[in-house]
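In order, the protein sequences belong to chains A, B and C. The working numbering applies: residue 27 is where the first sequence begins, and numbers increase by one. The working numbering applies: residue 27 is where the second sequence begins, and numbers increase by one. The working numbering applies: residue 27 is where the third sequence begins, and numbers increase by one.
Treat the hints with care, since some could be wrong.
Chain copies aren't distinguished; within one or between two, either way the pair holds.
Claimed, not checked - Straight-line C-alpha distance at most 20 Å; calculated EDC-like pairs for lysine to aspartate or glutamate: (1) Lys-153 to Asp-314; (2) Lys-72 to Glu-340; (3) Lys-278 to Asp-266; (4) Lys-58 to Glu-340; (5) Lys-71 to Glu-340; (6) Lys-292 to Glu-220; (7) Lys-72 to Asp-341; (8) Lys-316 to Asp-156; (9) Lys-71 to Asp-156; (10) Lys-262 to Asp-125; (11) Lys-284 to Asp-251; (12) Lys-49 to Asp-35; (13) Lys-201 to Asp-266; (14) Lys-262 to Asp-113; (15) Lys-71 to Asp-136; (16) Lys-316 to Asp-125.
No wet-lab data here; the hints were simulated from the structure. Note that the structure is a prediction, hence the values are computed from the model and not measured.
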Amino acid sequence: MENIQITSDGKLNHLLSIEGLSKKIIEDIFLKADSFLDSNNNNVKKVDLLNGKTIFNLFFENSTRTRTTFEIAAKKLSADVINLNVDTSSQSKGESILDTINNLIAMHADMFVIRHGQSGAPYFIAKNIDSRIKVINAGDGNHAHPTQGLLDAYTIRHFKKEFHNLKIAIIGDIKHSRVARSDINALNLLGVPEIRVVGPNTLIPSGIEDLGVIPYSNMNDGIKDVDVIMMLRLQKERMDNALIPSQEEYFKAYGLTKERMLLANKNAIVMHPGPMNRGVEIESAVADSKQAVILSQVSFGIAIRMAVMAILLED
Amino acid sequence: MENIQITSDGKLNHLLSIEGLSKKIIEDIFLKADSFLDSNNNNVKKVDLLNGKTIFNLFFENSTRTRTTFEIAAKKLSADVINLNVDTSSQSKGESILDTINNLIAMHADMFVIRHGQSGAPYFIAKNIDSRIKVINAGDGNHAHPTQGLLDAYTIRHFKKEFHNLKIAIIGDIKHSRVARSDINALNLLGVPEIRVVGPNTLIPSGIEDLGVIPYSNMNDGIKDVDVIMMLRLQKERMDNALIPSQEEYFKAYGLTKERMLLANKNAIVMHPGPMNRGVEIESAVADSKQAVILSQVSFGIAIRMAVMAILLED
Amino acid sequence: MENIQITSDGKLNHLLSIEGLSKKIIEDIFLKADSFLDSNNNNVKKVDLLNGKTIFNLFFENSTRTRTTFEIAAKKLSADVINLNVDTSSQSKGESILDTINNLIAMHADMFVIRHGQSGAPYFIAKNIDSRIKVINAGDGNHAHPTQGLLDAYTIRHFKKEFHNLKIAIIGDIKHSRVARSDINALNLLGVPEIRVVGPNTLIPSGIEDLGVIPYSNMNDGIKDVDVIMMLRLQKERMDNALIPSQEEYFKAYGLTKERMLLANKNAIVMHPGPMNRGVEIESAVADSKQAVILSQVSFGIAIRMAVMAILLED
Numbered sequence: 027m028e029n030i031q032i033t034s035d036g037k038l039n040h041l042l043s044i045e046g047l048s049k050k051i052i053e054d055i056f057l058k059a060d061s062f063l064d065s066n067n068n069n070v071k072k073v074d075l076l077n078g079k080t081i082f083n084l085f086f087e088n089s090t091r092t093r094t095t096f097e098i099a100a101k102k103l104s105a106d107v108i109n110l111n112v113d114t115s116s117q118s119k120g121e122s123i124l125d126t127i128n129n130l131i132a133m134h135a136d137m138f139v140i141r142h143g144q145s146g147a148p149y150f151i152a153k154n155i156d157s158r159i160k161v162i163n164a165g166d167g168n169h170a171h172p173t174q175g176l177l178d179a180y181t182i183r184h185f186k187k188e189f190h191n192l193k194i195a196i197i198g199d200i201k202h203s204r205v206a207r208s209d210i211n212a213l214n215l216l217g218v219p220e221i222r223v224v225g226p227n228t229l230i231p232s233g234i235e236d237l238g239v240i241p242y243s244n245m246n247d248g249i250k251d252v253d254v255i256m257m258l259r260l261q262k263e264r265m266d267n268a269l270i271p272s273q274e275e276y277f278k279a280y281g282l283t284k285e286r287m288l289l290a291n292k293n294a295i296v297m298h299p300g301p302m303n304r305g306v307e308i309e310s311a312v313a314d315s316k317q318a319v320i321l322s323q324v325s326f327g328i329a330i331r332m333a334v335m336a337i338l339l340e341d
Numbered sequence: 027m028e029n030i031q032i033t034s035d036g037k038l039n040h041l042l043s044i045e046g047l048s049k050k051i052i053e054d055i056f057l058k059a060d061s062f063l064d065s066n067n068n069n070v071k072k073v074d075l076l077n078g079k080t081i082f083n084l085f086f087e088n089s090t091r092t093r094t095t096f097e098i099a100a101k102k103l104s105a106d107v108i109n110l111n112v113d114t115s116s117q118s119k120g121e122s123i124l125d126t127i128n129n130l131i132a133m134h135a136d137m138f139v140i141r142h143g144q145s146g147a148p149y150f151i152a153k154n155i156d157s158r159i160k161v162i163n164a165g166d167g168n169h170a171h172p173t174q175g176l177l178d179a180y181t182i183r184h185f186k187k188e189f190h191n192l193k194i195a196i197i198g199d200i201k202h203s204r205v206a207r208s209d210i211n212a213l214n215l216l217g218v219p220e221i222r223v224v225g226p227n228t229l230i231p232s233g234i235e236d237l238g239v240i241p242y243s244n245m246n247d248g249i250k251d252v253d254v255i256m257m258l259r260l261q262k263e264r265m266d267n268a269l270i271p272s273q274e275e276y277f278k279a280y281g282l283t284k285e286r287m288l289l290a291n292k293n294a295i296v297m298h299p300g301p302m303n304r305g306v307e308i309e310s311a312v313a314d315s316k317q318a319v320i321l322s323q324v325s326f327g328i329a330i331r332m333a334v335m336a337i338l339l340e341d
Numbered sequence: 027m028e029n030i031q032i033t034s035d036g037k038l039n040h041l042l043s044i045e046g047l048s049k050k051i052i053e054d055i056f057l058k059a060d061s062f063l064d065s066n067n068n069n070v071k072k073v074d075l076l077n078g079k080t081i082f083n084l085f086f087e088n089s090t091r092t093r094t095t096f097e098i099a100a101k102k103l104s105a106d107v108i109n110l111n112v113d114t115s116s117q118s119k120g121e122s123i124l125d126t127i128n129n130l131i132a133m134h135a136d137m138f139v140i141r142h143g144q145s146g147a148p149y150f151i152a153k154n155i156d157s158r159i160k161v162i163n164a165g166d167g168n169h170a171h172p173t174q175g176l177l178d179a180y181t182i183r184h185f186k187k188e189f190h191n192l193k194i195a196i197i198g199d200i201k202h203s204r205v206a207r208s209d210i211n212a213l214n215l216l217g218v219p220e221i222r223v224v225g226p227n228t229l230i231p232s233g234i235e236d237l238g239v240i241p242y243s244n245m246n247d248g249i250k251d252v253d254v255i256m257m258l259r260l261q262k263e264r265m266d267n268a269l270i271p272s273q274e275e276y277f278k279a280y281g282l283t284k285e286r287m288l289l290a291n292k293n294a295i296v297m298h299p300g301p302m303n304r305g306v307e308i309e310s311a312v313a314d315s316k317q318a319v320i321l322s323q324v325s326f327g328i329a330i331r332m333a334v335m336a337i338l339l340e341d
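Chain A with its partners taken away, still in its complex shape (with noise of 0.2 Å):
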């Protein structure tokens, strides 16, 4: 694919994906998160940047949760929001989403927040439409969820200040994940020297060495000496196609515990991009515990969405 999320002057064009990015754009991304952070990097202020912009979240896969964060990015930049569920809108009369976009564009649109069940729907729609229209890749089936990949990385660095110096495990679902898939980009990029995948082999897939990643599938191995534990969701689904045998023993053999973590470097950080299964992936004594750091991802989420449409949408 075309890398047309970067100008001809290496300026964020679009964002589909964290591949394709440069080191510089995340870091610029990540200036422009903390300017909309106050002093205590705990809350933002409404800003007046994009006033007069609109920004459609055109979500053709339901998720209230990320919409919302989404949602509310936008109002924190003053930009007017249009929340659209496209299965239940006009694709239903057979209209196609090219058209559909087309005419959105046409009310004067001015940012597609995209969530599709397709991978490379947002790519697609990117590539085919005027080019003063950005799109922000909200999560494409297997492939990509770079505001995640964005905001894992920006929170790691305001617990760890430092990349290079780190070993991380992602522990999970790793073959169905678009979450791991962008986590793994963008911590390659910013220099983590040791990434792990943690999972039953059923759930990694094969050759995933190439993107520089060390395959465990004993948990106890995998997190040992870590300094960022990233779970992942487990998927009900997983369950139902056979894929891990049951939700105890998958808890039993990959749950993440208090005795577990102590394998972990004791400062190690825990994270999950939400929801939890609690008992399931995590025990709630951790999920609750000082070391877990969900909740600030979702609050440095909000900074990084705001961040991400300021730089496109900034004249």
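Dock chains B and C against chain A, hints included.
Coordinates of chains B and C only, in the frame set by chain A:
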């Protein structure tokens, strides 16, 4: 239950029920509501008070009508509003209610307006979250609907000026009505000397006298000489449950008719929380008469909700 | 029906149908729309005109696309917008339509944008409410879709400059189309000398000549030498009703193809209200050609809706 809705220095901290409020707090809410109304007490102007604040309408039980009143109140205060119907959202992914709430707080929510089918849910939430976040109960089970209680009292204050000389009858399904409960609490606090509850014995809880009200099972006796008639909406499911015989017989026994209106004080006002069942609990000739102040209740409801939001969130 | 959409001093009071408007009123709307477009006639800027006003999109019939155009127009004017799909709301609690409307007015609504499956519903509402509240008909049954009529005429004005020298063909299901009805009325008012309606006899109402149009059942004759081709969307249910034989035969007889375009004036423009059925009423090669101004219609539609809203609500 601990009274978490008042701070140690006597200020409003959440609005969960009328019980536990002081007369002073209610009067302050009324004064604030006054300030949003124009000189005719008809219109509210948009103000800038909550610009930059984010208010979540978190409805675990669907009510477009009530949600809209809070949405309008928030927008008139220049807040950003996010509407979430939770049954269709992350709740369905098995996330616990507190995980959902804490995630939304991490997204920089300042206030939750919560409707929930279970009594006590808003209290549970308010008790378990960061104390900087404010909660308004928009109706929980059979328990309370405090903004309705406040707006009803505010409407009475507008039309009757004083509370200390009033006879008020609340008519209908007292047993299952959170509106009745909140009305009774508010009117007691404000010093109404005579509050009657009127309805079939099956729909009046035993021991209701403990709340300082007088039960009547005969409608004509119940409305004799009253100054204010507060009708309740009859839920269709009460008939299914055989708590009342039939719609026709209910109307015969407890419907508010022009004829029955002659029994009340000739300046009596008629109230209803809406939506009305014309011909079930109230005759159209009464609903559309000069004595009916039902639309004033709706209009004042916006000012009251603005007042509560402003008091809770203003710095 | 009484003409309630014009005040006694000739000003626009509601927009319910094109019938009953004067040429002057339409031209004023066009001038107002001009003022919202930039010098390229491409973009509309956000303005502060309706700050503090609350506009309800009240859709008794679902149409995300149309609702979105009104939502964007209102937001570009800085109004607050409340979207209500009424079938899922209080209507289901057995509240009458006027009770619903009067409740929303009491919530300080300034304007209703109404779509309803029954012809005349917006008129009924406008006639029965407080005269300070304004109504825009966003499509009612087979009756009217006046903003579509206005935006279509505005698009023709943009591309053709004058109306007095035009031949225009409207093609498709004339009988069931509120768009056709509004287009015919607008074009007649603006002085178009020759309006043709083209379609199978089953889809052209008898007596259509009374509207000042010429019916054609032969497509090639109908588009010969015309300057403007206005396609209508073919509703699938017309086939179910056996009003047309099959999709293929319809396309053969009335589909707009590159080949047929040669019969029209060589500068003819092609219009469609959307969403298009490519391959049913229009060939993709035509829909995507330079002569197609379909997306301009959408873009001008925002400016036209802004103009109508501003004229109705500006003090």
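Cross-check of the supplied hints:
In this homomeric assembly, Lys-153 and Asp-314 come within 20 Å of each other (Cα to Cα) only across copies, at 17 Å, whereas the closest approach inside a single copy is 43 Å. Taking the shortest Cα distances, Lys-72 and Glu-340 sit within 20 Å of each other both inside one copy (16 Å) and across copies (16 Å). Within a single copy, Lys-278 and Asp-266 get their C-alpha atoms as close as 18 Å, which meets the 20 Å cut-off; across copies the closest is 49 Å, which misses it. Taking CA atoms no more than 20 Å apart as the test, Lys-58 paired with Glu-340 passes inside one copy only; the shortest distance there is 12 Å, against 29 Å between copies.
Both within a single protomer and between protomers do Lys-71 and Glu-340 lie at most 20 Å apart by alpha-carbon distance, with minima of 17 Å and 15 Å respectively. For a Cα distance limit of 20 Å, the shortest separation of Lys-292 from Glu-220 inside one copy, 17 Å, qualifies, whereas the shortest one across copies, 66 Å, does not. Both within a single protomer and between protomers do Lys-72 and Asp-341 lie at most 20 Å apart by alpha-carbon distance, with minima of 19 Å and 16 Å respectively. In the homo-oligomer, the alpha carbons of Lys-316 and Asp-156 lie at most 20 Å apart only across protomers (16 Å), although the nearest pairing inside one protomer, at 47 Å, exceeds that limit.
When the C-alpha separation of Lys-71 and Asp-156 is checked against a cutoff of 20 Å, the pair qualifies only between copies, where the shortest distance is 19 Å, while the shortest distance within a copy is 32 Å. Proximity of Lys-262 and Asp-125 under a CA criterion of 20 Å is satisfied inter-copy only: 19 Å between copies versus 35 Å inside one chain copy. Taking identical chains as interchangeable, the C-alpha atoms of Lys-284 and Asp-251 lie at most 20 Å apart only when both belong to the same chain, with a minimum of 15 Å there against 69 Å between chains. Only within a single protomer do Lys-49 and Asp-35 lie at most 20 Å apart by alpha-carbon distance; the minimum there is 15 Å, versus 52 Å between protomers.
Only within a single protomer do Lys-201 and Asp-266 lie at most 20 Å apart by alpha-carbon distance; the minimum there is 16 Å, versus 46 Å between protomers. When the C-alpha separation of Lys-262 and Asp-113 is checked against a cutoff of 20 Å, the pair qualifies only between copies, where the shortest distance is 18 Å, while the shortest distance within a copy is 23 Å. Taking the shortest Cα distances, Lys-71 and Asp-136 sit within 20 Å of each other only across copies (12 Å), while inside one copy they are farther apart (22 Å). Only between protomers do Lys-316 and Asp-125 lie at most 20 Å apart by alpha-carbon distance; the minimum there is 16 Å, versus 49 Å within a single protomer.
Of the numbered hints stated above, none is contradicted by the structure.
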